[in-house]
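By UniProt numbering, the letter at position 48 of the sequence shown is numbered 48, and the numbering carries on one by one without gaps.
Worth flagging that the hints you see were computed from the coordinates, not collected in a lab. Ideal Cβ placement from N, Cα and C applies to all residues, glycine included. There's no promise every hint is true.
Unchecked claim - Label pairs and their calculated CB-CB ranges:
{"#": "1", "residue 1": "Pro53", "residue 2": "Gln97", "range": "34 to 42 angstroms"}
{"#": "2", "residue 1": "Glu166", "residue 2": "Leu101", "range": "18 to 26 angstroms"}
{"#": "3", "residue 1": "Asp102", "residue 2": "Cys75", "range": "22 to 30 angstroms"}
{"#": "4", "residue 1": "Arg161", "residue 2": "Gly15", "range": "28 to 36 angstroms"}
{"#": "5", "residue 1": "Pro53", "residue 2": "Asp158", "range": "23 to 31 angstroms"}
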Amino acid sequence: MHRLKFVRYPQSEPGSQGVGPHKDSTGLFTFLSQDQVGGLEVLNRSGQWISAPYIEGTFVVNVQQGFEAITGGLCPATTHRVIAPATSTRYSIPFFQAVRLDLTLEFLKEAAVDIVRRIPTQKVANIENVTIPSEFLSPLFSCFGEAQLRNRIISHPDVGRRWYPELYEKYSRQSLS
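From just these sequences and the hints, can you work out the full model?
Dropping the structure here:
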């Protein structure tokens, strides 16, 4: 199911975490409209966090874990985070293009053989140097919905600890690699 969110990050102490490092897990792509406040950071191929600045009239487009799985990992999902703003409130509007929650990695890999075959082999050299595991590429989860639940709980640890303490403990100790 596709999702559109209206997100507000209130002004906070300098260096406060808005949303921890994660890869979007609902499907194929995220289209993000953000304001001029800033705070969105992306992990580059060298393992450094870089700012994704506001550019008037544009959207930020993130690759999600579903597309990473369809391409056999050749097009890695975007690892990103949000640093809570220190000077004013940040607003953003992300649209998450989703896949069905009962989709399994096995089915996706079978259906995507033709897509992966069409990706030029020289693209393999362009894979991130920094490997951040994706929930959906892990055999630990029975379907995309379970992988997405883990992603949400780990990306929002304050919410995970409060509302899903047992799952938070399980998922925070779990290694995806």
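Hints, one by one, checked against the model:
1. A hinted range of 34 to 42 angstroms for the beta carbons of Pro53 and Gln97 is inconsistent with their spacing of about 23 angstroms.
2. Judged by the Cβ atoms, the range 18 to 26 angstroms given for Glu166 and Leu101 holds: they are separated by roughly 21 angstroms.
3. About 23 angstroms separates the C-beta atoms of Asp102 and Cys75, a value consistent with the hinted range of 22 to 30 angstroms.
4. Checked against the hint of 28 to 36 angstroms, the pair Arg161 and Gly15 fails, with Cβ atoms roughly 20 angstroms apart.
5. For the pair Pro53 and Asp158, the beta carbons lie near 27 angstroms from each other, so the given range of 23 to 31 angstroms is met.
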